[in-house]
Every structure is written in C-alpha cells, then in structure tokens.
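Novice: The listed protein sequences derive, respectively, from chains A and B. Sequential numbering of the first sequence, starting at 1, is according to the working numbering. Sequential numbering of the second sequence, starting at 225, is according to the working numbering.
Careful, some of the hints might be misleading.
Now the in silico label distances, taken between C-beta atoms and shown as ranges [stated by the list, open to error]:
(1) Asp174/A to Gly445/B: 23 to 33 Å
(2) Tyr44/A to Arg371/B: 48 to 58 Å
(3) Asp125/A to Glu325/B: 48 to 58 Å
(4) Ile367/B to Leu76/A: 53 to 63 Å
(5) Gly331/B to Gly175/A: 16 to 26 Å
(6) Gly175/A to Asp265/B: 45 to 55 Å
Only part of the chain A face toward chain B is listed, based on derived beta-carbon distances under 10 Å [stated by the list, open to error]:
(7) Asp82
(8) Gln83
(9) Ala85
(10) Val138
(11) Ser211
Covered stretches of chain B (chain A as the covering partner; in silico rule of three or more C-beta atoms under 8 Å from a C-beta of chain A) [stated by the list, open to error]:
(12) 353-363
(13) 453-459
Hints are computed from structural coordinates only; laboratory data are not their basis. Even for Gly, the Cβ is constructed at its ideal location relative to N, Cα and C.
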Amino acid sequence: MNRNKKTITAIISAVFLTAALSCSTDLFNPEKPPQITGLTLDRYEVDPGDTLTAAVTVRDAKDKTLAYGWTATAGLFLLPSDQPAVRWKAPSTGGPHRITVTVTGEEKSASRSTDVTVRSLVLPDVFILSPQAGTYVVQHDSMQVRVRARHDNGIDRVRLFINSGLKKTADGGDGEIYTFDCPVDEPAGNASVRVEAVARVSFLTKSDSVSIHIEGVVPGKAGR
Amino acid sequence: MDWPSICRKRLRAGCGLAALLLLGAACELPRDNPLDPRNPDSRRPKRILIEAFVNMHTGEPFDQYAIEALDSLESVYGDRIAVIEYHRNAGSFITPLHRSENDILYGRYLEAAGSDNRGVPDVFVDGPEGRSQGASSATSVFIRVQRMLLPELTEPGLFSIEAVLRRSGSEIRPTATIARLGSSDASGIRVRAVLLSGAEAAPAGRVASGFSESAVIGTLGAGETRTVALPAMACDPASVRACVILVFNDADQRVMQSEKFQIQ
Numbered sequence: 001m002n003r004n005k006k007t008i009t010a011i012i013s014a015v016f017l018t019a020a021l022s023c024s025t026d027l028f029n030p031e032k033p034p035q036i037t038g039l040t041l042d043r044y045e046v047d048p049g050d051t052l053t054a055a056v057t058v059r060d061a062k063d064k065t066l067a068y069g070w071t072a073t074a075g076l077f078l079l080p081s082d083q084p085a086v087r088w089k090a091p092s093t094g095g096p097h098r099i100t101v102t103v104t105g106e107e108k109s110a111s112r113s114t115d116v117t118v119r120s121l122v123l124p125d126v127f128i129l130s131p132q133a134g135t136y137v138v139q140h141d142s143m144q145v146r147v148r149a150r151h152d153n154g155i156d157r158v159r160l161f162i163n164s165g166l167k168k169t170a171d172g173g174d175g176e177i178y179t180f181d182c183p184v185d186e187p188a189g190n191a192s193v194r195v196e197a198v199a200r201v202s203f204l205t206k207s208d209s210v211s212i213h214i215e216g217v218v219p220g221k222a223g224r
Numbered sequence: 225m226d227w228p229s230i231c232r233k234r235l236r237a238g239c240g241l242a243a244l245l246l247l248g249a250a251c252e253l254p255r256d257n258p259l260d261p262r263n264p265d266s267r268r269p270k271r272i273l274i275e276a277f278v279n280m281h282t283g284e285p286f287d288q289y290a291i292e293a294l295d296s297l298e299s300v301y302g303d304r305i306a307v308i309e310y311h312r313n314a315g316s317f318i319t320p321l322h323r324s325e326n327d328i329l330y331g332r333y334l335e336a337a338g339s340d341n342r343g344v345p346d347v348f349v350d351g352p353e354g355r356s357q358g359a360s361s362a363t364s365v366f367i368r369v370q371r372m373l374l375p376e377l378t379e380p381g382l383f384s385i386e387a388v389l390r391r392s393g394s395e396i397r398p399t400a401t402i403a404r405l406g407s408s409d410a411s412g413i414r415v416r417a418v419l420l421s422g423a424e425a426a427p428a429g430r431v432a433s434g435f436s437e438s439a440v441i442g443t444l445g446a447g448e449t450r451t452v453a454l455p456a457m458a459c460d461p462a463s464v465r466a467c468v469i470l471v472f473n474d475a476d477q478r479v480m481q482s483e484k485f486q487i488q
C-alpha cells in the first residue's frame, strides 16, 4: 500500500517538475529577433527604370516562420514582394536611394538597409551667379566667381576657366554654391569666364560662360 | 506845371517809397529762394568731382584711354563736373608731373576705400567710394564713370561754395565762403583747394599743380555760412588755369560739393 502511495507521489512530482521546467524556459529564454546576416543587391548602380534583385539572408531561417517586408525611398518592388529575394524597379529619376528589409519572427523583427545609386542621365545644372555678363574687372585684382551647380547624383567637380586657361578646380560638396577667388592676370580687353560642372557617377559635363571686360592697370606702389 | 506842384508830387512819391520800404522792413520776406541758405528748402546743383590718378609714361594705353574718357565726360556734362588729373609715379614709371601730395591723397583714398590695389589709371567720383580703376578702352572708362556719376547728379547740392582768389606774383590765396543749404546740420566738414594747370603732356588744363592744406570747418548748421581763408598756394602764372575748391567729410573723405573757378 505504502509502496503504491510512493509511486503515485513520484509520478505527480515528475508531472509538476516537467510543467515548472517548461514555464521557466519561456520566462528565461524569450524569443530573439531574427538575425539578418546579409542584404545584397545584384547591382548597386542602375539606370532609371532598371530592375535589380535584392536578397536578404537570416540565420536559421529554415527553422522559423518569418515574414519579409521591403521598402525603398523611391521605385517599386515587383510582386511577390514578401520573399527573402525580391525585384526592385528603379525610379525614373536619378539619385541615391535606400532599400530596407524588415524580417519579422513570431513577435520580434529586425531591419537592415543598403544604398543604391540610380544614374541620372540628365546634364548637370550649372549657372554663373557672378560676375554678370559685361562686368568690368580690374586687372591684377582678385575676382570672385560664384557658381550654382547641382545634379541628382551630386557634383564631382567644378572647374573655372578664364579664356581657355584652367584657373581653379573645386571638388563637389554637399552644397550647390561654389565660390572661387582668383587673380585676374589676363590681358586687358574682353575675356570669357567659363565654368564646367562634372556630375558624379555619369561624369556628364555642362558649362556656363559669361563675357567680361578686363580693365588694364599699371601697378605701382604709392611713393615709388 | 509850376515848381510847387512838381515838389508836391515828388514829396508824395518820396513818402510812398518810404512807406513801402518801412512796410518791407516790418514784414518778414518769404525765404523761398532756393539759393538762399536761410531757406530750409535751399539747394544748388551738385557739382561732381572726378579725380583721376594717372601716369602718361607707362608705355601702356590705359591712362590715355582714361584721359580721353574724361574729355568726353567734360564735353557731355560741362559745368556739372569738375575734373582733376593727379599725375603720379607708378612702379618704375616716372612722370615729371608727379607730386608727393598726389600720392598722399591717393593713399588716403585707398585707405578710406579699404583697398591696397594701387595702380593707374584710377578714377574717383566724389571721393573714395566711387572708384573706377583700370581701362580697356576710352568707352569702358566713360561707361564706368558715368554709372557712378548719374546717381550723384540727381542728388541735391547741400553746400554752396563762393571764392575770392587773390593773386600775388606766383602765389594764389583763396578765401572760400561755404554755406550749408537745406534743413540739416553737417559735421566733420573740411575744405581744401587745388590749383589746376595745363601741361604739354596734359593740355586739357586739369593737372593738379598746387594744393592748400585743408581747413577745418567742423559743424555747419543749416543755413549757416562760414568764410575760410585757405593757405597760399604757389603756382606757375603761365600755366595755371583754374582753382577747384571742394568741401569734404573728414571721416570718409567723401566730397560733398565742389566748384571750379577759372583763373585769368
């Protein structure tokens, strides 16, 4: 009789212990977000309207039920767009864009992004703000040339020419305004100020120019 | 007509005249003459001073362009402008018309303009603010100077300058009477005189050949008149042609009025 009691108690204890262990696993080992190990594109530079493939890899993806959500700053994803590998169609305008994937497990999610450049086939926009056409500039003095240059892919460099001689080069920056201070050493008379802007990625080039008058001076210090 | 009636008639006329004079003295005359300094709306046409620092011995045509442009400006604007040529050495180019006072004035103008770019030709309109340096043709100088001149010509002249030039041998001693026109006071005012001569290299008779030290006027109230005896200036009686007297602001060297007086 006592022996039966002991057996029953042992079985009940084992059942309770199993249940307790199962509860403690949920409490102390919560679900981890999916671990994204890679996000790759088959091309990182495309023309407007081109299609590329984006693929994400997740650790132990086979053992889990995962959902894939894709977003981009422009362009669109071809259906089906809820897979680990999708097709993205670039927008019709150039510029830098970002593709982001969000992988969601049962409760938690993880994201990763990558950049793609859409080549703009439009020429850079370049305009000489100053000097204006017909400006009189004093020989041997310093002339300031202000230029506005922009392109969807950014500006690689801006180059300043007086007549046909290269005077200065500026690397492309974040802003659109480029300022050059250069000495005027050309002979007196009419002269051409030309500015050339080169786009990043496509290296397409466009120029703007104005005609100025260089006023001749014989330099000399006072009292000499 | 008998004598007594003639006398009576003259007496009546005399009394009438005296009454008219008394009436005139009693009533304040309206000050509506634009040349009357006591009139708050008084003004005179402003005479613009064009000062050109040049050197005709550089071997370059630039200064000749400037001189030709000044000739054209004089023929177009006549008495509305007064032109002075200050010939100065530039680098290694020496001119016999150089005067140390020319360089002192040039340095003062450049300092006021905040520039260190010395060179000829260099033309100033009413002081250092209106500057046109260099030349590529007579037309370019004419256009550039005219651009500065036109707005100045529309400005009212708020000073009048009268002068008496006393000549004694090879000296000229100007006495200038300056009046402040309009309704506002002016301060920091100075006056100076420049003698102009002709020269073989500069036949227009605009070459600065004599200078007076500037005299301080200081503050001149609206409607106030001040007479200043300027120091004597040495001159060559054979070549001296005119005297320019100019009123300028001591702080920024801006010329506020100028007048040109011919010397016979």
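Novice: Evaluate each hint against the coordinates.
Specialist: Results of checking the hints against the structure:
no. : hint                             : in the structure
1   : Asp174/A to Gly445/B: 23 to 33 Å : violated, 58 Å
2   : Tyr44/A to Arg371/B: 48 to 58 Å  : holds, 55 Å
3   : Asp125/A to Glu325/B: 48 to 58 Å : holds, 54 Å
4   : Ile367/B to Leu76/A: 53 to 63 Å  : holds, 59 Å
5   : Gly331/B to Gly175/A: 16 to 26 Å : violated, 40 Å
6   : Gly175/A to Asp265/B: 45 to 55 Å : holds, 52 Å
7   : Asp82                            : violated, 68 Å
8   : Gln83                            : violated, 69 Å
9   : Ala85                            : violated, 67 Å
10  : Val138                           : holds, 4 Å
11  : Ser211                           : violated, 12 Å
12  : 353-363                          : holds (count 5)
13  : 453-459                          : violated (count 0)
Of the numbered hints given earlier, the model fails hints 1, 5, 7, 8, 9, 11, 13; all others are met.
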